[in-house]
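Asker: Here's the letter readout for the chains.
Number of protein chains: 2
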Amino acid sequence: MPSSDVSSDGSELAALLGDGGKGSPKVIPPPNFGMVDWGIYRSSYPTAENLPFLKKLRLRSIVYLCPEPYLNHEFVAENKIKLFQFGIEGKCEPAVEIPEGVIRDALRVVLDVENYPLLIHCNRGKHRTGVLVGCYRKVHKWSLASILDEYDRYAGAKARLRDKQFVEAFDASRMQRKGQIWKAISWWLRAFCDGQTLQELKSLDSREREIERAHGHNCRNSC
Amino acid sequence: MPSSDVSSDGSELAALLGDGGKGSPKVIPPPNFGMVDWGIYRSSYPTAENLPFLKKLRLRSIVYLCPEPYLNHEFVAENKIKLFQFGIEGKCEPAVEIPEGVIRDALRVVLDVENYPLLIHCNRGKHRTGVLVGCYRKVHKWSLASILDEYDRYAGAKARLRDKQFVEAFDASRMQRKGQIWKAISWWLRAFCDGQTLQELKSLDSREREIERAHGHNCRNSC
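Chains as they are written, first to last, in the UniProt record's numbering: chain A, 1 to 223; chain B, 1 to 223.
Next comes chain A alone, as it looks inside the complex (with noise of 0.2 Å):
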């Protein structure tokens, strides 16, 4: 391919994580990014230095897996994100019984895309973050061997047996996923159109309301 197909005709996707243009800042994610899913982001607590990165994501919903209290509250209620906190002890020693009401409780919030997109983390993106994600795989049914790839993955050489063998033994048989595709479809609009004006996006909700009366009925029937 020749350079000169190189366009700018997707600076809308490209401004998701960060394009902009020679001479913009670096964009610095959390440590132990990642994404899980479509909507679902994972990381290690966000630091002053994350927010620019995280604001680009469009966050709808932040899953903080801690008890102590959030320190970015502020950037929270500027943006207008839902904080859904469950507060999970983190220390190994002595050996802390990991809830599994709570972490029943978080996966529903991000079992429901009405929350993306949403970003979970605890402190290091590796305990409390991987077994709510291992959890969330073993809802999709993925092999046990593949989950823990994964944990491992984030956890490196602080994997913990504990969690692994939590995440096994999690029953996710009466959960799943909830929502309608639309309303989906609706924050990925937002996501991808960057850098609109408030009078832009008042349009383009409006746009998007024409769409879900015209097409949303006959879809979420034949889908």
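Do not rely on the hints blindly, as some may be mistaken.
Repeated chains share a single entry, so a pair holds when one copy, or any two copies, can fit it.
What the hints assert, rightly or not - In silico lysine to any residue, SDA-like type, Cα no more than 20 Å apart, as pairs:
no., residue 1, residue 2
1, Lys26, Ala145
2, Lys178, Val109
3, Lys138, Leu51
4, Lys56, Met35
5, Lys56, Trp38
6, Lys82, Gln165
7, Lys158, Leu148
8, Lys178, Arg104
9, Lys158, Trp38
No wet-lab data here; the hints were simulated from the structure.
Take the given structure of chain A and dock chain B to it, following the hints.
Answerer: Chain B alone, transformed into the frame defined by chain A:
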């Protein structure tokens, strides 16, 4: 949240990564599988047991980074997947230079929205795939430390300094994403509307074209 609110409304979404109700077979992604970005996946070389999982991703393209003939050619043909092969030697001893021109050509394919959903893979999803994903992150202006953090997560103990040096030296200043948001939405609709009959898909196609006719021009201008 009471458990009764666990609904089945989201089955079209859940289908993407393998929800299939009770008793459905285990889902087995390839080792080192991960989501790079919207519509971009990475993994090791998929084997026969991984193909049912890949089918659910409704891939439009595969970027294959080894010089050897492709083993999954039947799967690719059956599912009308475009195969982009970029033959890069993977051996470390004796060290083979990473061909910058080839990486650049592969990156152009990865940056083209019309190829999504797309899977990048080599043999183990560590080195050649890690280099290409690293260059992709450079296009999006990730800090080098963040890029190498991600490279290490997938390469583990097999991380190679020369791969990291290549990514550091790679000049991504003239590369950017290309394609149109409505094309991406079109495949996104398909990906989530799993289990359609051909007739239903045709009807969906025409609805998409209606949406594009009605709204595409305005959105492309305002995004």
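Asker: Take the hints in turn and mark each one as holding or not.
Answerer: Structure-based check of all given hints:
no., hint, in the structure
1, Lys26 / Ala145, "between (36 Å within a copy, 11 Å between copies)"
2, Lys178 / Val109, "within (10 Å within a copy, 34 Å between copies)"
3, Lys138 / Leu51, "between (31 Å within a copy, 19 Å between copies)"
4, Lys56 / Met35, "both (14 Å within a copy, 18 Å between copies)"
5, Lys56 / Trp38, "both (16 Å within a copy, 14 Å between copies)"
6, Lys82 / Gln165, "neither (31 Å within a copy, 40 Å between copies)"
7, Lys158 / Leu148, "both (13 Å within a copy, 19 Å between copies)"
8, Lys178 / Arg104, "within (14 Å within a copy, 40 Å between copies)"
9, Lys158 / Trp38, "neither (27 Å within a copy, 29 Å between copies)"
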